[in-house]
Amino acid sequence: REEREALEKSSKAEFIPYVKMWSSLLTQPLPKIKRASLDIEVASPDEYHIPSPEEAEHQVIAVSIYGSDGRKKVFLLKRGDHSLGDSKIDEAEVLFFEKEESLLEAVFLEMLDYPFIITYNGDEFDLNYLYHRAKNLGFTEDVIPINLGRDQAWIKHGVHIDLYKFFANHALKVYVFESKYVENTLNSVCEAIINESKIEFEGSISDLPILELGRYCFNDARITYMLTSYNDDVVMRLLVVIARVAKMPFEDLGRLGVSNWIRSLMYFEHRRINALIPTSEEVSARGTIYSTAITKGKKYRGAYVLEPEAGVHFNVAVLDFASLYPSIIKVYNLSYETILCGHSECRSNIIPETPHWVCKKRYGITSLIIGSLRDLRVKLYKPLAKKYPPGSDQAVLFNTISQVLKVILNASYGVFGTEAFPLYCPPVAESTAAVGRYLILKTVDECRRRNIKVVYGDTDSLFISGAGKGEAEKMIEWAEEDLGIELDLDKVYKYVAFSKRKKNYLGVLPNGNFVLKGFTGKKSNTPKVIKDAFYNVVGILSKVNSQSDFEAAREEVKKYLKGITDDLRKKKIPLADLSFNVMISKDLSEYVDTTPQHVKAAKQLERTGRKVKGGDIISFVKTTTPDGVKPTSLAKPEEIDANKYIEYMKSTFEQLLDALGYEFDEVIASTKLEDFFWA
DNA sequence: AACTGTGGCCGTGGAG
DNA sequence: CTCCACGGCCAC
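Sequential numbering of the first sequence, starting at 1, is according to our numbering.
Any given hint could be a false lead.
[Stated by the list, open to error] FRET-style restraints, in silico, Cβ to Cβ: (1) Glu-57 x Lys-491: 26 to 36 Å; (2) Lys-298 x Asp-577: 31 to 41 Å; (3) Lys-298 x Glu-57: 44 to 54 Å; (4) Ser-179 x Pro-637: 46 to 56 Å; (5) Arg-449 x Pro-596: 47 to 57 Å; (6) His-270 x Asn-195: 38 to 48 Å; (7) Thr-292 x Ser-651: 55 to 65 Å; (8) Ile-194 x Glu-471: 44 to 54 Å.
[Unchecked claim] DSS-like, lysine-lysine: derived pairs with alpha carbons at most 30 Å apart: (9) Lys-502 x Lys-406; (10) Lys-198 x Lys-522; (11) Lys-528 x Lys-379; (12) Lys-611 x Lys-644; (13) Lys-644 x Lys-500.
No lab work stands behind these hints, which were simulated from the structure alone. A virtual CB, placed ideally from N, CA and C, is assigned to each residue, including glycine.
Work the whole structure out from these sequences, hints included.
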C-alpha cells in the first residue's frame with residue numbers, strides 16, 4: 001500500500017484511477033490450478049509415417065495422464081503380437097486394456113477429474129486424434145469430452161492449454177524465456193528450460209515392447225507437466241496474470257499473440273468507459289506515414305544507432321531510458337485518437353521530426369493504459385520484486401507481474417505499426433520512434449556540452465566513458481527536468497571493446513563477468529566447435545590486466561586455436577560439433593529466389609524420405625561435395641571442407657580482435673589474425 | 001487464420 | 001569478377 005500510494009502521489013490526476021485499478025487487480029493472490037497433462041501414442045506402420053488425426057486409422061496404443069494431485073496413470077493396449085518387455089515405470093500406475101474402446105473410455109473418465117488439461121500440440125494431434133479415433137470406434141458425441149474447432153481442441157468440462165502454442169509465442173520466447181530455445185519441439189523446450197529430455201529410441205514406436213512404449217509415453221506426459229510446474233508453477237502464474245491484464249480467457253491467450261492480448265485489453269477499456277470502438281478504416285484514415293525506413297521493405301523510420309568508437313574504453317557507464325517507447329506514449333500523449341486530432345488549437349503541438357500534431361485537450365486511451373502500466377512496472381512491481389526475499393510469495397507474484405508487463409509493454413508500440421492490429425495507426429508508431437530519436441540525440445548533445453564522451457548508443461541507451469558517478473547522476477536529473485523522461489544508470493563496465501560494427505561489443509563488468517552482444521561466435525546457428533572456441537578465447541582475454549598478462553594470453557590463444565585448426569585438417573572433430581543449425585522458415589517449395597545452404601541440405605534429406613517442414617532446424621556441415629553442404633546425418637568425416645571452417649573461424653574471431661586490436665596495438669606487435677592462426 | 005516494430009551483421013546465391 | 005538481394009539471427 002505504501003508503495004502504491006507513493007506512486008499515486010507522483011502521478012497526474014488522470015492516471016491515478018488507473019494505478020488504483022491495476023494495482024488492486026494485479027496484487028490479488030495467485031490460485032493453484034488443478035490440472036493434468038496428457039500424451040498419447042499411436043500405432044504407425046513405419047518410423048517416418050505421421051498418423052493423420054482426421055483419419056485416425058491406427059490404434060491408440062498408449063495414453064499417459066500426469067495429474068497435479070499426484071495421480072499418474074499409464075493406459076496401455078495389450079497387443080497379442082507384442083511382448084510386455086521388462087521396463088519399469090516407477091512413478092505411475094500402469095493399466096492394461098484388451099480392447100482399445102475400453103482404454104479410451106477409461107482415459108475420458110480420468111480426464112473429467114481435471115478442470116485443466118495440458119498437452120504439447122494437443123490441438124493438432126493428441127486431442128484431435130482421440131476425438132476422431134473415438135468417433136471411428138462408434139463413440140457418440142456425448143461420451144467424448146472433446147470438441148474440435150478449426151485449429152483448436154476444446155475440452156467440454158474445462159480448459160485445454162496447448163503448451164506448444166504457448167512456447168512458440170515469440171514475445172514470451174524472447175522476453176520471458178530469454179531465447180533459451182530455438183526450436184519449438186517438446187524436446188528442445190524441455191532441454192532448455194527444465195533440463196529434461198524425451199526418451200530416445202531407434203526404429204518405429206509400434207515395435208517397442210509394450211512397457212517400454214508406456215515408459216516413453218509417460219515420460220512425455222511427465223515433462224509436459226513439468227513445463228507447467230517448474231519454478232513454482234511459473235507458467236501457470238504467467239497465464240493467470242496475462243488473463244488479468246489482457247482480459248482474456250486462458251484458452252485464447254495461450255494460443256494468440258501479444259497483439260491480440262493488447263486488442264482485448266484496449267477494447268475492454270473502451271467498453272468500460274462507454275467509448276465507441278472505431279473501425280480499422282476510421283483509424284487508418286487519420287493520417288499517413290511521413291518518414292522513410294532505412295531498411296528496404298519497412299514502412300517507416302525506426303530507432304537511431306550511434307557509430308561505436310572503435311577500441312577499448314575503460315570505466316564505461318551505460319545510461320538508458322526506462323521503458324522508452326511506453327514512456328513516450330505516455331508523456332507525448334500518443335494514441336490513435338489524439339494524433340492528428342480535430343482541434344485547430346492543437347495543430348501547433350508538433351511531434352519532433354514529423355508533421356504530426358497531437359491533442360493538448362485530453363489524454364488518449366493508449367497513453368492512459370500503456371502509461372499507467374509502464375509506471376506500475378517501473379515504479380511499483382520491479383522495486384517490490386526486489387524488496388521481498390527471493391522465493392517468497394510476494395517476490396514470486398511481483399516478478400510474474402513484472403515479466404508479463406514487460407512483454408505487453410514491449411509490444412505496445414509495435415502493434416500500432418502492423419496492419420493486422422485493428423487499431424493500426426502508423427502515425428502513432430512512427431511518432432513514437434521519431435520522439436525516441438529526438439530524445440537520444442538531445443541527450444548526446446547534452447553529454448557533449450558537458451564534455452562527457454559518448455562512445456556508443458542504440459535506441460534507448462548511451463555508453464559514456466570516463467564519466468564519474470556524479471556526472472551520470474547529473475545527466476539523469478537533467479533528463480527528468482528537461483525531457484520529462486526517466487533516464488537510469490543501467491550498469492558500469494570495467495571496460496568495453498567495440499569494433500567498427502554496430503550491435504556488436506564485449507563488455508567486462510567489475511566482477512569479471514562479461515557481456516557479449518551480436519558476435520557471430522554466440523549465435524545459435526554457429527557450430528559448437530567455433531562457439532566453444534570463441535567463449536574460451538574471450539575467457540582467456542578477459543583475464544588480461546597487464547602487458548605481460550597479454551603476452552601470455554596471446555600465446556595461450558595461439559596454441560589453443562592452432563590445436564583446433566590442426567584437428568579440423570586431420571578431420572578429428574566430431575560431425576555434431578561442426579554442424580550449422582539453421583531453422584527452415586517455410587516449406588521447401590517456397591524458396592524461389594535463392595537456395596540457401598540449409599535448404600540444399602534439407603532437399604538432400606527429403607530425397608532420403610525424411611519430411612522437412614517450416615520451423616524445423618536443419619543440421620548441416622560444409623563439405624567438399626558438389627553442393628558444398630551435407631546434412632550432418634548423411635555426411636562422412638572425410639568430406640568435411642576444413643578450409644571453409646577455418647575461414648568461418650577467422651571471421652568470427654575478427655569481430656573480437658578488431659575490437660581489442662585497436663587498443664593493444666602498441667602492447668603487442670600485431671593482432672593480425674594470421675598471428676593467431678599460422679604464426 | 002493469425003501475425004508487435006525497425007536497424008544491423010554476415011554468408012551466400014544469382015545476375016550481369 | 002562485382003554487385004546486391006535474400007535469408008537467418010540478433011540488439012533494442
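Against the structure, the hints come out as follows:
A beta carbon spacing of about 59 Å between Glu-57 and Lys-491 contradicts the range 26 to 36 Å that was offered as a hint. Range check, Lys-298 to Asp-577: Cβ separation about 37 Å, and the 31 to 41 Å hint holds. Roughly 47 Å separates the CB atoms of Lys-298 and Glu-57, a value that falls within the hinted 44 to 54 Å. Roughly 31 Å separates the CB atoms of Ser-179 and Pro-637, a value that falls outside the hinted 46 to 56 Å.
For the pair Arg-449 and Pro-596, the beta carbons lie near 48 Å from each other, so the given range of 47 to 57 Å is met. Separated by about 45 Å at the C-beta atoms, His-270 and Asn-195 satisfy the suggested range of 38 to 48 Å. Between Thr-292 and Ser-651 the beta carbons are some 32 Å apart, a value that contradicts the proposed interval 55 to 65 Å. At about 45 Å, the CB distance of Ile-194 to Glu-471 agrees with the hint of 44 to 54 Å.
Of the pairs offered as hints, the one joining Lys-502 and Lys-406 holds, with about 25 Å between alpha carbons and a cut-off of 30 Å not exceeded. Of the supplied pair hints, the one linking Lys-198 and Lys-522 holds, its CA atoms being roughly 26 Å apart against a limit of 30 Å. Of the supplied pair hints, the one linking Lys-528 and Lys-379 is violated, its CA atoms being roughly 41 Å apart against a limit of 30 Å. Between the alpha carbons of Lys-611 and Lys-644 the distance comes to roughly 28 Å, so the proposed pair stays at or under 30 Å and holds.
Under the criterion of a C-alpha separation no larger than 30 Å, the hint pairing Lys-644 with Lys-500 is consistent with the structure, at around 24 Å.
Of the numbered hints given earlier, the model fails hints 1, 4, 7, 11; all others are met.
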